[in-house]
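**Q** As a plain string of letters, each chain reads:
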Amino acid sequence: MTSQRRSRPRGFLPMDTNLFDRIFIGVVLSVALHLLWMRFVEQVIPLTVATVLSVILIYVIARWG
Amino acid sequence: MGLLPFFYVVYVGFFDWNIFSKVAGLVYTGANNYRRLVFDADFLASIQRSVTFTLWAVSIEMVLGMALAQLLMRDFVGKGFFRAIHALPLTVAPIAVGATWRLLTMPGLGPLPYYLKQIGFDYNIGRYPTHAFATTVLMDVWHWTPFVTLTMLAGLSALPREPFEQAMVDGANRWQILRHLTLPMLRPVILTALFLRIMDALRIVDEVFMLTGGGPGMRTHYIGIFVWRVVFPKTDYGYGSAMSVLLLYFTIVLCWLLLTTITQARRESGT
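Same order as they appear, the protein sequences are chains S and U. If you're matching positions, the first sequence starts at -18 in our numbering and goes up one per residue. If you're matching positions, the second sequence starts at 3 in our numbering and goes up one per residue.
These are calculated hints, taken from the structure and not from any lab test. Do not take every clue at face value.
[As the list claims (entries may be wrong)] Partial list, computed: chain U residues near chain S (C-beta under 10 Å):
(1) T31
(2) A33
(3) L39
(4) V40
(5) L248
(6) L260
(7) T262
(8) T265
[Claimed, not checked] The calculated label-pair distances, taken between Cβ atoms and stated as ranges, are:
(9) S:L(-6) / U:T237: 26 to 32 Å
(10) S:V30 / U:I254: 45 to 51 Å
(11) U:T265 / S:L17: 26 to 32 Å
(12) U:L73 / S:F(-7): 42 to 48 Å
(13) U:W258 / S:T29: 26 to 32 Å
Owing to the predicted nature of the structure, the values given are computational and were not obtained by experimental measurement. Glycine included, each C-beta is placed from N, C-alpha and C at the ideal position.
Same shape as in the complex, but just chain U:
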């Protein structure tokens, strides 16, 4: 039952179906939609933009999440409060995150451009493509770093204490413990978090759509927004379906590669 929409999208991908064309129904065109896709420079550019966005956002989230998880493993005053505050973005709906960041960054209205202007930085996500791209990355980092932190925290809490105590007795410093003990032992958890974040980042739509609408120009026109524009305003369902199938294909291949890495690592470590 769960596979039914998938097969339907694959099926529609082989048809020309636009309700505003002369022939309103489905017209079989074979692999024409896919043929059109591989020559569509805008679509290929949107894949490239999505991959760049994913690389930036997920890399920052993984590093920051790991650092915060290490911090939260220690005891300090207000740890519980900080942990609760830190996890709050996870409870916000993506569309609300986009709306909030839009209000924060709106030129002439938001506090972020105002305060940055006070220190001499002209920040404008409507005018400068780099600012818009960086803001989408920052928004994703703000929203999803807590997820990585909580996953890492669960992994760190489950690790046995003996190897760490032994390493400290042997005189290993923090960096050596992190590199030779924590990271190898956390490998499955890190890969799982990575796997989930890559999947999510590749298909991001609503947050970016609310924040920039894909602009300025095409700078934040990621693949999800591209598919949305083809399917809804243009009502080109066949072409949109072909795009969705290709996006799903890339995601499945990427996830399969990561899953294989995880299972191979587990088999080699004997866990």
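Chain S with its partners taken away, still in its complex shape:
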């Protein structure tokens, strides 16, 4: 596990991560994004936009995080 983490060049996240960590971070952030969106933005922009943004966010974090 440790050697796998070290062989990969570090991404923009401030810690060593593997693919599972990055997907987990992406999912956690997307849940937070959905909750905040429902609370503050949904009256103006539909929740589907947040879902699309979340998918992009998860991909970006998993790929370059």
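Given the coordinates of chain S, work out where chain U should sit on it, guided by the hints.
**A** Below, chain U alone, put in the same frame as chain S:
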């Protein structure tokens, strides 16, 4: 298999399910329960109350636990007896802890209000919200400080003696040894105890329910009690499930952050 109840709760969170409504079965409502949650001022206030309770209780437990562990590392008469007595609250069931503290603090009946009144302090957990909140914190501290002490004690016993002897030879005082040697070397143990206590304190239900029932007013209506009231007396299963999922989400995020800190610290120290 262990994940099955979790997925079931997530599933139910997307439905409206109240056995006393016109439609008794599950009715798919999408993210409506979560939408309702983020606008529920009572729920958001209960999260705030739970976080405040956790901060107070866990901070006191960590400091007190560390101090008692340091004390128990020394030799004194009756050390074994004190250690056994000190660990006793851990063996008591939470519901019994709540019942015991209720008897202790019941206005007009318990010894605590009686003796405090003798010194001129009007202590009443049914009337004063601050007293009720402080008593829930005190009860949690009484119940769980021994856990922190025993964890710290195990960590302290496992530390090598040489660095401490060397520091004493070099003339370091107790405070310097604690700050520069004990605390950094105990960091993983401290973080583990912290991690377990935060998880437990955030989901406290039974002790507080027995002691105050969430009152007076809403002062001790912590998130666990809130979820219980929505799920059981109100039988609003969908909304209760959404709340449980959100509570689990906050707990997982908090624990993940702490776990990352622990593993990063271990990697940096090379242990």
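**Q** Against this structure, judge whether each hint is valid.
**A** Outcome of the hint check:
Interface restraint check: T31 (chain U) against chain S, minimum CB-CB distance 13 Å, threshold 10 Å, status violated. Hint status for A33 (chain U): holds, given a least beta-carbon distance of 7 Å to chain S, under 10 Å. The restraint placing L39 (chain U) at the interface with chain S holds, with a minimum CB-CB distance near 8 Å, inside the 10 Å limit. At a threshold of 10 Å, the smallest CB-CB gap from V40 (chain U) to chain S is about 4 Å, leaving the interface hint in force.
Taking 10 Å as the C-beta contact cut-off toward chain S, the hint placing L248 (chain U) at the interface holds, the least distance being around 8 Å. Taken as an interface hint, L260 (chain U) does not check out: its beta carbon lies about 13 Å from the nearest beta carbon of chain S, beyond 10 Å. Hint on T262 (chain U) holds. Least Cβ distance to chain S is approximately 6 Å, under the 10 Å limit. With its C-beta approaching chain S no nearer than about 9 Å, T265 (chain U) sits inside the 10 Å limit, and its interface hint holds.
For L(-6) (chain S) and T237 (chain U), the Cβ-Cβ distance of about 43 Å falls outside the hinted range of 26 to 32 Å, so the restraint is violated. For the pair V30 (chain S) and I254 (chain U), the supplied restraint of 45 to 51 Å is violated, since their beta-carbon distance comes to about 26 Å. A hinted range of 26 to 32 Å holds for the C-beta pair T265 (chain U) and L17 (chain S), which are about 28 Å apart. The hinted range of 42 to 48 Å is satisfied by L73 (chain U) and F(-7) (chain S), whose Cβ atoms lie roughly 46 Å apart.
A C-beta distance of roughly 28 Å is found between W258 (chain U) and T29 (chain S), which places it inside the suggested range of 26 to 32 Å.
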